[in-house]
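Respectively, the protein sequence lines represent chains A and B.
The UniProt record's numbering numbers the first residue of the first sequence as 1 and each following residue consecutively.
The UniProt record's numbering numbers the first residue of the second sequence as 1 and each following residue consecutively.
Be aware that a few hints might be false.
What the hints assert, rightly or not - With a Cα cut of at most 30 Å, we get these calculated DSSO-like pairs of lysine-lysine:
1) A/Lys45 / A/Lys203
2) A/Lys67 / B/Lys296
3) B/Lys296 / A/Lys45
4) A/Lys45 / A/Lys67
Derived by calculation from the structure, the hints in this document are not laboratory data.
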Amino acid sequence: MIELENVGYSYGGGELLGDISVDLSPGSFHFLTGPSGSGKTTLLKLCYGALQATAGQVMGFGQDLRKLDRDQMALFRRRIGVVHQDCRFLDHLPLAENIALPLTVSGHGLAGQQDNLNELMAWVGLTKRAGALPPELSGGERQRAALARAVIMSPDVVLADEPTGNVDWEMSQRLLQLLIELNRMGKTILIATHDLSLIRAAKSQVQARVLRISNRRLQLAGADL
Amino acid sequence: MSEGTIRTLIMVDKQADRVVPPSGFTAQLTLFVSGAMAFLAVFALALSLASGRLADRWASELARAATLRINAPGDQVAAQTKTALTILRQTPGVAEVRALSREEQAALLAPWFGADLPLDALPVPQLIEIRGAEPGYDAQGLRLRLAAEVPGAVLDDHTRWREPLVDAANSLRRLALVSILLIGGATAAMITLAANAALAANAQVVEVLRLVGARDRYIAGAFVRRFTLRALIGAAVGVVLGMAGVMLLPEATDEGGFLTGLGFQGLGWLLPLVIPVLGAGVAFAATWAAARRTLKELS
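Produce the entire structure from the sequences given, and follow the hints as far as they go.
In structure tokens form, the structure reads like this:
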């Protein structure tokens with residue numbers, strides 16, 4: 001699905017990531033961990049084309065991301081659901097419209113999708129908050145809403161950047177369950193997190209690969225978790 | 001721009017239009033600029049049309065009229081006048097000739113010499129009024145014939161008056177048309193600035209839209225439709241106010257001369273209705289160009 005081959009990323013003359021190779025195969029579950037500032041978010045951005053690798057090759061669904069024009073990149077992103085660390089929303093739109101945004105921009109609109117939207121909002125427990133504006137939501141509600149928006153197009157891959165970063169333990173477990181549920185539906189999941197307890201909790205329920213970024217390189221972790 | 005892109009840009013998509021936050025000053029700026037420019041365009045158009053009419057009128061009226069002056073010794077005036085009238089009546093392209101009576105000539109001089117002017121005591125030339133037909137007569141040929149047969153005849157076909165006046169009216173018309181073009185250019189520049197400001201202010205919105213898979217033409221379309229609609233509304237208001245202003249201008253009178261009759265006439269009243277459409281077209285093109293450039297820079 002998404003494959004990185006000897007990928008490097010440099011910025012301002014300094015190397016942030018180097019020699020990264022990883023294959024996110026269909027239905028796999030990955031954790032990406034490492035200390036703050038190690039490059040987890042950068043690696044995720046390379047995966048969905050928000051950044052371009054300065055070395056190596058990033059393949060998405062068989063296409064070299066560097067060769068995609070802006071239209072093709074938009075179509076590529078419709079096949080990927082991204083949960084951002086800061087849960088970016090359009091603050092002037094109610095929550096339901098924010099969650100439905102991928103449908104809107106892809107031209108599907110809400111016609112005939114209202115049931116799916118309602119079901120999805122119930123799945124993340126936000127039915128009663130459908131009309132609320134994003135600034136009115138709590139951290140946990142924003143994270144769940146971001147997850148709902150990421151999956152509304154039924155993407156093949158879900159990339160989540162610190163999805164439990166701003167929520168309490170109970171809420172982080174709830175979000176983890178949602179991601180595990182998606183993986184059981186066949187979705188490929190990559191979660192960037194520095195929360196090792198979350199990884200431990202997940203490993204008891206799902207077969208997950210744990211990748212660690214250390215000294216700008218990617219290593220397979222697990223024995224210590 | 002492909003057909004699909006144009007369709008995406010102009011098709012009303014309420015959902016898509018909502019993704020752009022309702023903006024503040026750029027909306028008012030676009031409305032105001034479009035309104036003000038349309039208002040000015042109405043006057044420039046009225047001036048252009050009036051100048052055109054004036055040029056045409058002066059050209060046709062003065063081209064048809066001419067005066068023949070007989071400067072001859074007193075005892076030869078009548079004979080030369082008779083000969084001149086005969087020649088003129090035989091000349092192709094002359095529709096009407098008439099020798100002015102003593103009273104008419106006295107009336108012409110009255111503003112300068114008073115009503116009691118003893119015309120018989122003065123060597124006042126005899127005037128003959130000539131009305132040309134369509135097509136007109138050959139002034140040069142007529143001059144040569146008159147020179148041979150009526151030695152005291154001087155033909156004044158008003159060329160020296162007509163040409164500068166027609167030139168002036170035509171220059172005025174060109175100036176008004178250039179003003180309309182400048183108004184269009186200034187509108188495009190202002191709307192480009194407003195669109196750039198709106199796009200820059202909404203860089204984060206653009207980023208979110210891209211992250212969820214929006215194509216550039218979808219994002220551009222939301223901005224283009226908004227600015228085009230604002231320009232259309234602003235220009236429509238400006239045109240209504242401009243036309244009201246033109247209606248209040250004084251009507252054409254002979255006494256008012258050039259400064260009256262600047263408004264529209266007949267079907268000319270429909271012409272300003274094109275201005276909002278053109279304004280919207282200018283806004284569409286300016287916003288599309290600005291959006292394309294900005295979205296490219298934001299990638």
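Evaluation of the provided hints:
1. With a C-alpha separation of about 25 Å, the suggested pair A/Lys45 and A/Lys203 falls inside the 30 Å cut-off, and the hint holds.
2. For the hint linking A/Lys67 to B/Lys296, the alpha-carbon distance of about 16 Å falls within 30 Å, and the restraint holds.
3. For the given pair, B/Lys296 sits about 19 Å from A/Lys45 by alpha-carbon distance, which is consistent with the 30 Å threshold.
4. Between A/Lys45 and A/Lys67 the alpha-carbon distance is near 16 Å, which keeps this suggested pair within the 30 Å criterion.
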